[in-house]
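Both chains are sitting in their own frames, so use the hints and assemble them into the complex.
In order, the protein sequences belong to chains A and B. The first sequence runs 1 to 522 under the working numbering. The second sequence runs 523 to 832 under the working numbering.
To be clear, the hints were calculated from the coordinates, so they are not data collected in a lab. Wrong hints could be hidden among the right ones.
Said to hold, decoys possible - Listed next, the in silico SDA-like pairs over lysine to any residue satisfying Cα-Cα at most 20 Å (straight line):
no.	chain 1	residue 1	chain 2	residue 2
1	B	K572	A	N125
2	A	K135	B	G562
3	A	K274	B	Q680
4	A	K144	B	E571
5	A	K95	A	S74
6	A	K144	B	Q566
7	A	K191	B	Q566
8	A	K273	B	L679
9	B	K550	A	N300
10	A	K410	B	I821
11	B	K572	A	N439
12	B	K572	A	D140
13	A	K507	A	Y268
14	B	K682	A	R29
15	A	K191	B	K608
16	A	K410	B	A551
17	A	K410	B	R601
18	A	K410	B	G562
19	B	K572	A	A147
20	A	K166	A	K191
21	A	K397	B	G554
22	B	K572	A	H440
23	A	K144	B	E568
24	A	K166	B	Q680
25	B	K572	A	L244
26	A	K135	B	Q566
27	B	K550	A	K95
28	B	K550	A	E406
29	A	K410	B	K572
30	B	K572	A	S74
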Amino acid sequence: MQKNVLKSFVVLLSVYCILSLCSCSSQNRLEGYVYYRLNTNPTTLDPALIVDVTGGTLSAKLYNGLVRIGEDLSIKPDIAEKWKISEDGLRYIFKLRHGVYFSNKREVKAIDFKYSFERILSPNNRSPNTWVLDKILGADDFVKGCAEDVKGIQAPDDYTLEIRLKNPFSPFLSLLTMSAAYVVPHEEAEKLGPDFSSHPVGTGPFILKEWLPNREVRLEAREDYFDKPSKVKGIIYRIIPEDLTAVTEFELGNIDVLAIPASEYSRYKKDHKKKNYISSIQGLNTYYIGLNCSRPPFNNINMRRAISYAIDREKILNTMYEKRGRLSGGPVPDILRKWTIPDSSEYDPQKAMDLIAREGFSGGTIYFYITADQEIVDIAEVIQSYIKAIGIDVKIKQLEWSAYKEVVNKGEPDIFYLSWWADYPDPENFLFPLFHSSNHGPAGNRTRYTNHIVDALIEKGQYTINEKQRNLFYKKAEEMIIADAPWVPLWHKTDFTIRQPWLKNYKIYPIYSMDKGTDISF
Amino acid sequence: MITYIIKKIIFLIPILFGITLLTFTLTKALPGDPVLSMVGERAQPEVIEKIRRELGTERNILIQYLGYVKLLLKGEFGRSYYTNRKVFDDLVLKFPNTLRLAFGAMIIAIPVGLFFGFASAIKKDTLIDRLISTVSMTGLSIPVFWSGLLIMLFLSLQLKLFPPSGTGDIRFLILPSITLSLPALATISRVTRATIIEIIDMPFITAVKAKGISRMRIHLIHVLKNALIPIITLIGLDFGSYLNGAVLTETIFGWDGIGRFTMEGIIKRDYPVIMGCVIIGTVIVVIINLIVDVLYHFIDPRIRIHEESR
Chain A
1 MQKNVLKSFV VLLSVYCILS LCSCSSQNRL EGYVYYRLNT NPTTLDPALI
51 VDVTGGTLSA KLYNGLVRIG EDLSIKPDIA EKWKISEDGL RYIFKLRHGV
101 YFSNKREVKA IDFKYSFERI LSPNNRSPNT WVLDKILGAD DFVKGCAEDV
151 KGIQAPDDYT LEIRLKNPFS PFLSLLTMSA AYVVPHEEAE KLGPDFSSHP
201 VGTGPFILKE WLPNREVRLE AREDYFDKPS KVKGIIYRII PEDLTAVTEF
251 ELGNIDVLAI PASEYSRYKK DHKKKNYISS IQGLNTYYIG LNCSRPPFNN
301 INMRRAISYA IDREKILNTM YEKRGRLSGG PVPDILRKWT IPDSSEYDPQ
351 KAMDLIAREG FSGGTIYFYI TADQEIVDIA EVIQSYIKAI GIDVKIKQLE
401 WSAYKEVVNK GEPDIFYLSW WADYPDPENF LFPLFHSSNH GPAGNRTRYT
451 NHIVDALIEK GQYTINEKQR NLFYKKAEEM IIADAPWVPL WHKTDFTIRQ
501 PWLKNYKIYP IYSMDKGTDI SF
Chain B
523 MITYIIKKII FLIPILFGIT LLTFTLTKAL PGDPVLSMVG ERAQPEVIEK
573 IRRELGTERN ILIQYLGYVK LLLKGEFGRS YYTNRKVFDD LVLKFPNTLR
623 LAFGAMIIAI PVGLFFGFAS AIKKDTLIDR LISTVSMTGL SIPVFWSGLL
673 IMLFLSLQLK LFPPSGTGDI RFLILPSITL SLPALATISR VTRATIIEII
723 DMPFITAVKA KGISRMRIHL IHVLKNALIP IITLIGLDFG SYLNGAVLTE
773 TIFGWDGIGR FTMEGIIKRD YPVIMGCVII GTVIVVIINL IVDVLYHFID
823 PRIRIHEESR
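Only chain B is shown next, with the shape it has when bound in the complex (with noise of 0.2 Å):
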């Protein structure tokens, strides 16, 4: 298990390259000058070369990626083109408030999914699975960004249960956490049925009812085990995907976190940030993928991780 997991975090380095690689060719090919949103409406072209030869954004594009990967090496993400923030410093600050807000958002997506998924698949073709069917379907088409006004004008603005924006305590992290959770609820809850439906038509369920084990039991432990493996990789993507960051729900409410700074590099062609971003973006998405391996194995110890059993 461990020598698995040092590999993986070996492998990491040669996807960062080639990640760091492929960002940089695909940034540097978009339309738009990073120099001239800097200088505003006035500066002198002399001014503008200037700059553009301190940047080094006329290199050649090898010598500049090279560049950069000499900063990376010394452990330095350089500084914003515009703030003249240490990128680092910032995507330091922003992430524990992207971590919380993807925890708040699987918190609630997880158990009311699971639960959603559970129920469906146990009151198959009644009222109750069509109409988890139906809030399924519905969480999974509004976009974000309606449901995330919806929630406020109801929550903040009608009943002022909680603050409509702003980066702060719980009170906060509620609005964006829900909006975030619905689609992810969503799916959790249509895979749940899904798999479930198939787990409970299988032979050794048969068995393990003909046994007389109780209904609570034989769905708790053999079906919900079973079903684990495909519910866990797809919590494992979403939750990936937040931790990368929310662009919409972060911008809607005003959260401070690593999805709006990307987002705003890339609009700003800042591509000290762009890059930041995607580099702490790949680790995290390796990691979670290392992290849902290494629970495979504990769900379902037929599935073995390290090299000799394979």
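Just chain A, same shape as in the assembly (with noise of 0.2 Å):
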């Protein structure tokens, strides 16, 4: 017996052995390759299928489109070195760079665009990404399957792609800079079909070397990149789900820059030497209250603009949330808005009270749905509390996030929290999507407010191809919208990061497809 005991030992401790050996991977630095953390694995690396930002920040790195978003924010050549515009907005003509290659060494053409941004649009395609290019001249009928290509998109030549739009869209180009206008190489993607979103193969100045779903993501530089080649050899990813771990691994110095995680903001922000090497920018989005605007207590404004006065927003923003973002006046962050909006943040209860009392309330229970994350659900307790003392009772209902964006979607809750965050640096995107009447639910507009006079003055503002009169339509629109208090705009998040030392050049960027990873060296 004794023996069989320990003859089953020793074979379990055998294949155990085997088995380690037979995995070795090594994971110590690879010379010469800077080390970045995500904590989610990307879905896919195909930019027709990319929604999600880990997928779009290594996207950028993996391919161009026909124009980028420079630093000051403007938009820049990338694919397209120059373009004009017709004077009525509708006719974009984009001259290619010769000498752009893709990883597979083929020359890019101006067809490559017509076929990447028709795979966009293809009804045999399950993109979720049509609506960047569904203002082109010819969309509606080739996403139906009634027309064979898109009329709209035309390559006269090798070298020079001519656009045209349903209607002028002064966004246009903006929306251009989005992963799911990048160009791909028919041949590769015909070839690999599904495949090809984990063997991408793109015009970028890195290449995927490797893709371990959930372990990491290693990228190699390319040395025949057109633009600024990558002074490094190459970027890891390594995907981390845990904070504190990628915090471990950071002290440690397996990782380069860390998104700094709200729970250590504060240690980071004290320590004298670390907080030289903090890094942080103005993030192009806003946390909000949404206001359910289809039902009562909520379909009345004056019940909403109550909700508005009774939450101190400054002092949770300089208490819980630690200064880490500014107090929002009005849903367009502050750096993309260039007119001036009349404050919105006064914290006055007496006032809230008063307008409650006007409108009869009578009581009874709102819900206040969130998701399950704990920064969210402080923050929630203490908005809870403030709106508890204006004299309505509030139930806080938290849900996974799967099930929170279904019952958001639906128009369940009275009361939510949620952010919006820039997919293009434009005013628009922070109004259409998130105002106009057509976006109920899913498309953006989840408070369902429907204010016809914001609708047409939004409208005008995405045809107006003159810069002053479209920020004058959106300046209008957005003060209507705060008047009309269908959400209580919070604040905009800055994000802040931190990096090692050794790192020279680092920079963050307030939209993820910015970072074409080529800055940094050590």
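Here's what the structure looks like:
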């Protein structure tokens, strides 16, 4: 018997050792590589399917589009070296650079853009990004399968691309900076089919060398990149879901750049040595409390205004949020707003109670929906106490993200906590999806706010090419939205990262697609 | 014996169908729509409808289930809604990692647990017994999430002995294995103690003692052998659960195993991933139970597992 037990133990030990040895993989630092942390696995690297920030961050290093966002948030040339827009704003002619190659060594031609754009719009592909390109003439017919190609996209020669729009759309160039508008080679996309997701081929400064799902993604610098080449051999993204683990990895020098988790912010800020390596950028985002305008009590403007007066946003931002953001006056982030708006963050509980009394609100419970994130739970509890203080009973309902998104899209909550992050740096991105009445529900307008004057102003802004005039429409629209109070805008979050001392030329960008990864060096 | 094993394996087929039907119904009953998570923030309603049609998520649940069974009969698990990768390929990639972690944890938990249990039982009601019981209770009560972080901070950040996270060679395996072994170690220790105390008082041990056999021989051969049945049952249960993934340990230490994969599938409502993981989990549990049954027979020949002797 003793022998049998011993034997089984030795067999178990041997199996274990063999398994360990078989799977030996070195995770020591590779020289010349920059190490970043991702908190989640990218879902896909196919530009047609990318909707997540992680996928967008990586794809910016693997692909290029016609244009890109410059550091001053203006539109800069990428593969298109120049472009011309007709006076009526309907026709865009792009001249492409010569000598831009895909990583399979084939030169990029204008026809590749036509293929890539039609691939997004094709009824055979289930791309969720059709909205990026549906302003192009003939896109609707093509999406419905009624046309063989998109007639608004033409390639008169190898280096000229002509795009015609259905209607003028002022932020169109901004849309072309998004990952959905990146160029892909047709021969690879067709050969690989669904596997193009994990075997991407693009024109970017890096190529995908290895992707071990849930472990790491290794990108290697290309020598034949058409623009400023990378100064490092490559980038390794380590996928570490747990924040404290990532902090430990950073402290041990296994990660070069770390987005500072909220729980660690004050510790790093107080550290005399480390605080010199903290970078920050004002994010293009707005955090808000949405009020359901489609049913009582918040279909009443005064009830919505009462909630706005009831919450001391500045206090929450300065204490619980540790000043990791700027107070928000309206839905459009302050760095995109080129106009002034009245201050809407006034805290006046007495005024709130007067408004409620005027409306004769008889009590009753309202439901505040949030996701089960500890930081959000803490903030929600404070907001709950502010609203209770003006005589409204609030019950918090915590849901897991997927379930939360479903109920918010369906319009079930009375109040909800959410944020909106820019896809492209244009105020339109914070007005049309979030407040236009055609976008109720999953398209962005989750408060189900409807104001036809605001609709018309946003549409006018979209059609107007003249920037001054356009800003005037946006200003009026934003003022009306603030007055109608479908949101209690809270703050625009600032992003903080910390880097290792040996890293040089590190920059932090407000939109993930701006970082091509070519500046950083050791 | 062989007939018994074959019968058990054949019995696996109705179990699998039962489990898949149950899981399929339960996951579909959960709130949350995978399509809405897949399409991001601004997809047009027509696109959402198109994706729903393609994935078949709006069809009758029975038709959806039959479609999945048809896929299974072809030997496929389908593709993940999000990554478009074949679920089977991902499971093949992750299962060896889970297996290594489970073995790692068990290799620590079994000898240490047995030793603690044994020492505690033969030194019953002494300081050693109380000390071991306290350690076992602590191991059992501390949540893995906390013990994992403490182990990481101490052995990795302070002493710089092991890498804090990642999936790789044996160095990466040590911290998650220690963390995962703690609760199992504590239960094995407690069950071993209780069983051995019971056996030590039995008349046959007194008889053996009267024969003048050495203490060591009595403990190792007569006591341990008779105590093994409940301990092996426990080890089988723990091992089966570890092979189905240890979500928290894998998450803390960034270990790429089945547990994290299943959890991500559940959070994103990635039905093909959830189903694939459940099927693999069911097969594992049935196989482990089968192995435990066979082991019973070897440890105690009075336990007959073939039909004729029942």
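Violating hint indices (sorted, rising): 7, 9, 10, 17, 20, 24, 25, 27, 30
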